[in-house]
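Fit chain S to the given chain A structure using the hints.
Protein chains: 2
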Amino acid sequence: MNTSTPEDLTRSAVLAAHGVIKPLIHETPVFTSSSLSASLSNGNNMYFKAENLQKGGAFKFRGASYSLSCLAEELLAKGVCTHSSGNHAGALALAARERGVDCFVVMPSNSAKPKIDAVRAYGAEITFCEPNARARASTLAAVQERTGATFIPPYDAVNTILGQGTAFLELVNQVPEQLAAIVAPVGGGGLLAGTALAARGTGVRVFGAEPAGAADCALGLKEGRRIEDVDSKTIADGLRTPVGVLNFPIIQGNVEAVIVVSDEEIVEAMRLLWERLKLVIEPSGATAFAAVRNPAFQKLDIKGPIGIILSGGNIDLSMPLPWAK
Amino acid sequence: MNTSTPEDLTRSAVLAAHGVIKPLIHETPVFTSSSLSASLSNGNNMYFKAENLQKGGAFKFRGASYSLSCLAEELLAKGVCTHSSGNHAGALALAARERGVDCFVVMPSNSAKPKIDAVRAYGAEITFCEPNARARASTLAAVQERTGATFIPPYDAVNTILGQGTAFLELVNQVPEQLAAIVAPVGGGGLLAGTALAARGTGVRVFGAEPAGAADCALGLKEGRRIEDVDSKTIADGLRTPVGVLNFPIIQGNVEAVIVVSDEEIVEAMRLLWERLKLVIEPSGATAFAAVRNPAFQKLDIKGPIGIILSGGNIDLSMPLPWAK
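Note that the protein sequences, when read in sequence, are chains A and S. The numbers in the first sequence follow this note's numbering, run straight up by one, and end at 334. The numbers in the second sequence follow this note's numbering, run straight up by one, and end at 334.
For reference, chain A alone in the conformation it holds in the complex:
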């Protein structure tokens, strides 16, 4: 049984989570680029944590693996379930398959075909629903009723947050110098909250990166309360969700600022990453780099190297590249 509570949201809990999932996940490589660093007005060294090279193509596999690891065998025997149109569904399906556990995924009927194909290829059972929040919830409830599977939330859960924070722990061990700052994208806030917990007491300043078309977290920090509704007018499809209930206060207490970037900045950052790092990065995955290039961040005049989490690489390659549109 998963007995984690919000009181477990600590740096040492992230360290413990890392110990548990280390044999299950990839230690993703870290990349540098002298030409990209030279292109910044402050010329900071940048260390890119390539979570697009994580299993399933995104950091989400970390949280999914840790969530599974925390479930008792009698729960695992009944399987796990979630609703997601994106990377969490694929990550949970893959983590469940590797663990030999059944996985049930509720997906909106308008989900992108490559995402549906990936979830199916990982052996999960898909139930389609109307593309709205109520249909998702009721369909998931029906799946749980039928199967007894345990719901593994995509971001608003203790173990998910702890798992996502492990990318930062790897990064600081892989980098040969002390980071001055770390920048991670924020959608539901699993990655950013986990990163903030992992960075506590390390002296590394923590920043979020959010698309202007779904900037509920930045607005929430300004207004001092969580914004529950969010526009989703951004190319960064992984960041269209409102920040979670558990996630928001962690971000409020531990993140210095959330930098808001336009879709144009995201696409430009994405193209630079493809060209210079030779990595396939999805728009959400390029958002933290877009934030570092943004004048609002450069104006902070941070001295020293900056860690950047490239959160994922799942993009429909049958479509024209976004800069060619």
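Just so you know, these hints were derived from the structure itself, not from any lab. Please note: incorrect hints may appear among the correct ones.
No distinction is drawn between identical chains; accordingly, a pair holds when it is met within one copy or between any pair of copies.
Within a straight-line C-alpha distance of at most 20 Å, the following computed SDA-like cross-link-like pairs (lysine to any residue) qualify [said to hold, decoys possible]:
1. LYS31 to GLN183
2. LYS124 to SER43
3. LYS231 to ALA221
4. LYS31 to THR41
5. LYS242 to GLY28
Same frame as chain A, now just chain S:
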């Protein structure tokens, strides 16, 4: 002074070259994919050596770095030069810049703009020439006359071959099991010959991969003599050159077969690598994987894991992706 001779083309010379260039190059990561392995009729484990993540975006940096390392200081002081429309020019320019040495590159006037931009960004001086072999040679001679720079050939040179062989040495150290085979693409043959030398006595079977539109090496092996002319009707722009004088006999004596693949197979392999490995790989870089997927290779029924060199990732991202054409 570079005193290497063909007698120096040995495995131990590759080992020595690796010792010299290790601090200069990236040890590129190695990737696996259970879904790609499962897609092979023989289901072999595959280990992908990601030389697209090498400095300059291709394995060519290895040979360029070693060639520079073998030059005496009085020669380095006058700079280095080459003619190339592709990855060798960028690699030499970057290696020269890191060494603080002048670099002069002769490029055909119809070279792709991103390649020209890369060479220029690495600080080399470019002289354009008509796009034919005679103009290349005469323009290079004029540049040498003017500057006294030493010519660093792209593939038909001892130190180039030794440098390229170091990718294989890294790979076998990075892989947790004994490789049954290694597959590398062949254009001029620097990478394949270097790999063959490095694999001597290791029990690893060596194969080449060549596009049907420029299959001079496969034809040469069949006819027992080097073919000097080559068609260049292939999307794999890095493999359009005829195999070199030094390279051919090494391949003849140490490579079991060169597998010939169509452009369609190359494009399909490339797309799979982008989708599953999340790596930007150029057509030439996907050719070895295309060969492993080819029935002629699968029919060999090799038992055990296969190493595959993904040789580079320099592609013009402003163009439509080849599978979308």
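Verification of the hints:
1. LYS31 to GLN183: For LYS31 and GLN183, both the intra-copy (15 Å) and inter-copy (18 Å) Cα distances are at most 20 Å.
2. LYS124 to SER43: Answer is between: at 18 Å across copies they meet the 20 Å cutoff, but 34 Å inside does not.
3. LYS231 to ALA221: So LYS231 and ALA221 pass the 20 Å test inside one copy only (14 Å; across, 61 Å).
4. LYS31 to THR41: Answer is between: at 17 Å across copies they meet the 20 Å cutoff, but 24 Å inside does not.
5. LYS242 to GLY28: Intra 38 Å, inter 52 Å, cutoff 20 Å: neither.
The structure does not agree with numbered hint 5 stated previously, though it agrees with all others.
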